[in-house]
Amino acid sequence: MTDWLTTQEWQAVALSLKVSVVAVLASLPLGVVVAYALARGRFWGHGILNGLVHLPLVLPPVVTGYLLLLTFGRRGSIGQFLDQWFGIVFAFRWTGAALAAAVMAFPLLVRAIRLAIEAVDPRLEAAASTLGAPRIWVFLTVTLPLILPGILAGMVLAFAKAMGEFGATITFVSNIPGQTQTLPSAIYSFLQVPGGESAAARLVLIAIAIAITALILSEWVSRAVARRIRAS
Amino acid sequence: MTDWLTTQEWQAVALSLKVSVVAVLASLPLGVVVAYALARGRFWGHGILNGLVHLPLVLPPVVTGYLLLLTFGRRGSIGQFLDQWFGIVFAFRWTGAALAAAVMAFPLLVRAIRLAIEAVDPRLEAAASTLGAPRIWVFLTVTLPLILPGILAGMVLAFAKAMGEFGATITFVSNIPGQTQTLPSAIYSFLQVPGGESAAARLVLIAIAIAITALILSEWVSRAVARRIRAS
Amino acid sequence: MMLSVDLQHHMPGFDLDLTFTAPAGVTALFGPSGSGKTTIINAIAGLTSPQSGRIEADGQVFFDSARGVNLPPHRRQLGYLFQDARLFPHLTVRQNLLYGSWFARKRPARAEFGQIVEMLGIGHLLTRRPAGLSGGERQRVAFGRAILSRPRMLLMDEPLAALDEARKAEILPYLERLRDETGLPILYVTHSVSELARMATTVVMLDQGRIAASGPADQIFADPATAPLLGIREAGSILNARVVSTDGDGLSRLQSGAGPLWLSQPGLVPGRDLRVRIMARDVMLSLQAPEGISALNIIPARVESLTQTGRDILVRLEAGPETILSQITRRSAQLLDLRPGMPVHAVLKTLSVAPGSVAQSLSSAAQTPEARE
Amino acid sequence: MMLSVDLQHHMPGFDLDLTFTAPAGVTALFGPSGSGKTTIINAIAGLTSPQSGRIEADGQVFFDSARGVNLPPHRRQLGYLFQDARLFPHLTVRQNLLYGSWFARKRPARAEFGQIVEMLGIGHLLTRRPAGLSGGERQRVAFGRAILSRPRMLLMDEPLAALDEARKAEILPYLERLRDETGLPILYVTHSVSELARMATTVVMLDQGRIAASGPADQIFADPATAPLLGIREAGSILNARVVSTDGDGLSRLQSGAGPLWLSQPGLVPGRDLRVRIMARDVMLSLQAPEGISALNIIPARVESLTQTGRDILVRLEAGPETILSQITRRSAQLLDLRPGMPVHAVLKTLSVAPGSVAQSLSSAAQTPEARE
Amino acid sequence: EDGAVTVFAAASLKTALDQIAAEFGAKTGGQVTISYAGSNQLARQIIQGAPADIYLSANARWMDEVENAGLVADGTRQDLLGNRLVLIAHGKANVLNDDQMRDLDLPAMLGDEKLAMALVDAVPAGQYGKAALESLGLWDDVAPHVAQADNVRAALALVATGEAPLGIVYATDAAAEDDVSVIGEFPADSHPPITYPVALTRMAQDPADRAFYDLLSSPQAATIFEAAGFTVLTPPRD
Ligand SMILES: Nc1ncnc2c1ncn2[C@@H]1O[C@H](COP(=O)(O)OP(=O)(O)OP(=O)(O)O)[C@@H](O)[C@H]1O
Ligand SMILES: Nc1ncnc2c1ncn2[C@@H]1O[C@H](COP(=O)(O)OP(=O)(O)OP(=O)(O)O)[C@@H](O)[C@H]1O
Ligand code: MOO
Ligand SMILES: [Mg+2]
Ligand SMILES: [Mg+2]
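Residue numbers (my numbering), protein chains in the order written: chain C, 1 to 232; chain V, 1 to 232; chain X, 1 to 373; chain E, 1 to 373; chain F, 1 to 238.
Any given hint could be a false lead.
[Unchecked claim] Derived EDC-like pairs (lysine to aspartate or glutamate); straight-line CA-CA distance at most 20 Å: (1) F/Lys14 to C/Glu197; (2) E/Lys168 to X/Asp207; (3) X/Lys168 to E/Asp164; (4) E/Lys168 to X/Asp164.
In case anyone wonders, no lab produced these hints; they're calculated from the structure.
Could you put together the complete structure from these sequences and hints?
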């Protein structure tokens, strides 16, 4: 195996996995909150929030990457603020790649969770509230377990998207091997030079293998969860 | 307005709309069938189908575009077949852009519809079958209407993705003003040259406006549908 | 039409293993909660496949594990009224009602839309959607939907539990008419002994997935041995009688094998044959024919046997060819010094016979349903 | 504890407008399907907000449209048993049962887990998930879940409709004990007059969103005017009596205002005060005291009034300070030539008094519930 | 810094630069990290504070941007490499000489078909190609037939797959692709000179940065660049 891929390629695979997992896990709580607000909330700015969440989908990824560079970069307003006050730096670090992946995958995550929340029977939530559960507990003990398959679906979708994310990432944090070079960036690099196709193909196969593994795993977990809820 | 955008830019806007709408509508039937098969079917190759559907999400868009070129291009196996037998040509046509957009948006469409199907109470379908409805009619008269909000959600997601799709499109059908130059291609071009940011920003604003309009419309339709089904 | 069912199905903690046949008329499935009633009906409807067995209706095989036959639900032409109404939430009440008739358009309609809607009192709901309906309203719509799908058999899972008495009183006669006029066989799950007594021509009693007793309703009801299964208070006998005349004050005179009988039921047509259910606890015993008493039915009879049931005595009386059950306290039996062979008078208040206890005889009710077990 | 409700709510095609108070004890909401019972309970539980009105329990305001108060459901501490069970599909039966107790851990437990599980007969289901439960099993689990949430009031929407008689017979006494021993007030929706008569201390009768009659159960039942609302066959009166002794053969002697009374109920403890419901149709009238008859209860009385109800006559009898209703045919009334003031004997079979018709008196049942209307 | 050299380089230089970096590592033990992306992306990133020590652009205008931002170390900008623009065809083709190229009847050669190029207004290869066609007087006739890809490699792929029969790409790209053949080289005077400028940035403080920068204009590097098809512009200083 080590012969098959160069160290640098292994780094790209490992980095892509790390970036995607972190992107999905870190954006999950916000994703659930936003999905809940969009599904159940009736507040001013509902439409704006919804639009904002979907922006990364509509814009060409390079634009998103550029906007990230302008805001979260070293000289960007938010980037400087986070650096000074919390010591968090996104610029040209793997954390930046994770941020880009999270932003790009966010609409997928939110939509899936939102659909799941909308499918929960509100009468069950009402039943929980008459049993004395405050709203937050109703959410944690009834809504959340019931939307688990939806959350899982959203996470897989987001993970897949994060694994494939390229345009925003390379624009925001560049393509620095070992630091910000993800699998798609590596594939891109190979495709830019004569004779790089076979190396690119190898990496593509790895990406496919990872994605299919993740899909099958999630499918399996999701069926197990659903089976418990809807026995015969 | 005509002053504000050049003719070519207007063309790009119109083309993007056309491509995205056609991509979503044309892939919808297949999307519903695949989603149904994935949600309810237990067949050999379930995992493979699922993986295949998600591939465009995982792969860098250029790779997808390249693969499209190899299969649906003029010399591609499927491309030649379609050309000879049906006279359908994708190469350098807006139809090719639509195909690329459809393929890239397909995983989002399918996931949303699949989630909706999984949320339908199978007991309602059982009730329909005891009333004499054959399986296909059960689907058309019970399942389908109940998943309409999910389908709509999937369509919006897919539409947004199609509007933003760039990498696969330009790789597959390149960028021919008036024929295959979509909004993202136009934006990309501006970003390639120093000082092109302001022109790009104008187009970005248009993309955002279109997406938000679509979102709000779909939200509105979806609420109307849901309201009918779940009156207090 | 005749349905025969043979089922074996094993679930963790619950085993179903039974064989019965349901002839034309109403076959009641009666048994405690969790005894397997819904599971059986689902198997007949084709919604679950039993692990082994055979289900056949009028020669058409619905299911046969040996031969690998398993007809899909929509080809079985059964109307199923579910324990939960299962209305289609996206359709209006009218669309729900008409849902099945589209698929049944080649079969003759048994009931007209307007007539059903009126009987069920759902005319004002037609344009509404199910979400806002009350529990009873839903169940009524579900009932109409099942009937209007023109089934050749009705499966009803506790159909009236959610309805008020007034509505029940309207629907039961309609079900009887369906049964009698169209010969539509009905498989009926209920917890209510009075519905059972009124509707059922055949009774299948279940207990924990097995058949505890089964047979024609008259026999099951007149058998003191089944009393505990029904609940002791519900023991009673069924008298077959013919309406002779109806007087101006609303009283009808009937002739039964046990002698004349006065009933205060509306709508009794002279010449009709009826089944009258007489609850054992409503039958008083008197040594002499009492006088100056409001009860109009005083039937001479002979004590056939005395059975102790729980704390009370179930007295089986012979009145001509008929059997009457009377339930009295031990104290009374002692005070009257009842012994088999003794002549007594059975005293029955006219009004003790509940309207629900009088049903039209059905030719098929006289058939002997075979209950293989 | 006292609940007072004042509601106005308008829906297309349906208007709710009513005011009533529910004192301690069981308040029955009774009315035809679609009359608004579930809507009222939902408003009390806080699941729907009425358009205007005020709901108050023991001085705590749940809802007041004028003052803009609307307490969320979880702060109202009510146990709600829904018409559909609404179990949590992702939790086991045990987890469902314990769901509410976690939030109620600061309030004292009224019933022990094991005790409730045993009474409901759901011990073997504890590790299962709701999906595979039968209709009755679900409802029992839902009942346990509501009780175990330690509510200060129970709202029950047709809780027993899906249960078999045997299970009902086990649960009703438990509910009575809850009512009597803990003073837990219960708002009870039912279509069953016998449950109503047995459980209710207060009755609120609804018709199309308005109150048709309301008051203490005894009064409502003894009032010939409410008979049509209950369904004519269900008319009856309630006698208050004290158990004097229980004999070896299981018969108990009671002393009522109307004279001695023999009942064949298990578990009657001497000294206890009881409410005995006597169905009008079970009461026979005799001019002389009959002899050699199995009926043990022969109560001397005086005809107070004769009311024609439908095709029959409802005779209101005065027996000491108590009122007894008797329902007889017109023919019998003529034959006996009954007139107000005439002395007669009311004859009642011991066994005609259904076990469900005897309930423990409740001190609060004697209170006069105010029903503002 | 830790002695590591960070190079931001146009993606088309990958093959050659990777080799040079490997040699540098072997010789000095120093580590070179190279980030390949579009010249425009790299320039924007450097302007936004990216930790690049050396910037190697495929295009002079983006180097100008970086210089204008004051981020180029004084006196380090130089035109390192040059490239040639060629007309390619799918499969085999007759090779045209310089004169034939000047009399090119491109419209006739294309017929109804497409000419693959990089974006003609945005990507350098496309810009040079457009300039060449204009100076040859072909642009107006050919323009409707141009299929613009987002970079040279994608244009090459269009020709390699036969999607377009002809294309305009760099000689460096055409050399390694089996399915295309070079028809001819555009006269050097038909377009502005194709240059790849290099510079040390202001962030470059480490001696290793300077060492690698110097290595780029060494004879060893020149050999590697030439092997990849580039022309080396800076005469090697011994
Ligand atoms: N959203 C709505 N729009 C119009 N009418 C409604 C709506 N929701 C409920 N109703 C009507 O309000 C009436 C009262 O309903 P409710 O559920 O309170 O009846 P109920 O007394 O509980 O009946 P049941 O005994 O059948 O359960 C019904 O006629 C119902 O159709
Ligand atoms: N998936 C399952 N696993 C284990 N037991 C099951 C499963 N599904 C059903 N059962 C059990 O089978 C038994 C029969 O259920 P069924 O629904 O047929 O009862 P029922 O007679 O209709 O009862 P009810 O009158 O309460 O509706 C019940 O005890 C139920 O718990
Ligand atoms: O949406 Mo992209 O083209 O995967 O970065
Ligand atoms: Mg059942
Ligand atoms: Mg209700």
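Going down the list of hints, with the structure as the test:
1. F/Lys14 to C/Glu197: With Cα atoms ~13 Å apart, lysine 14 of chain F and glutamate 197 of chain C stay inside 20 Å; holds.
2. E/Lys168 to X/Asp207: Holds, at roughly 17 Å.
3. X/Lys168 to E/Asp164: Holds, at about 18 Å.
4. E/Lys168 to X/Asp164: This hinted pair holds, its Cα atoms lying about 18 Å apart.
Hint check: no violations occur; every hint is consistent with the structure.
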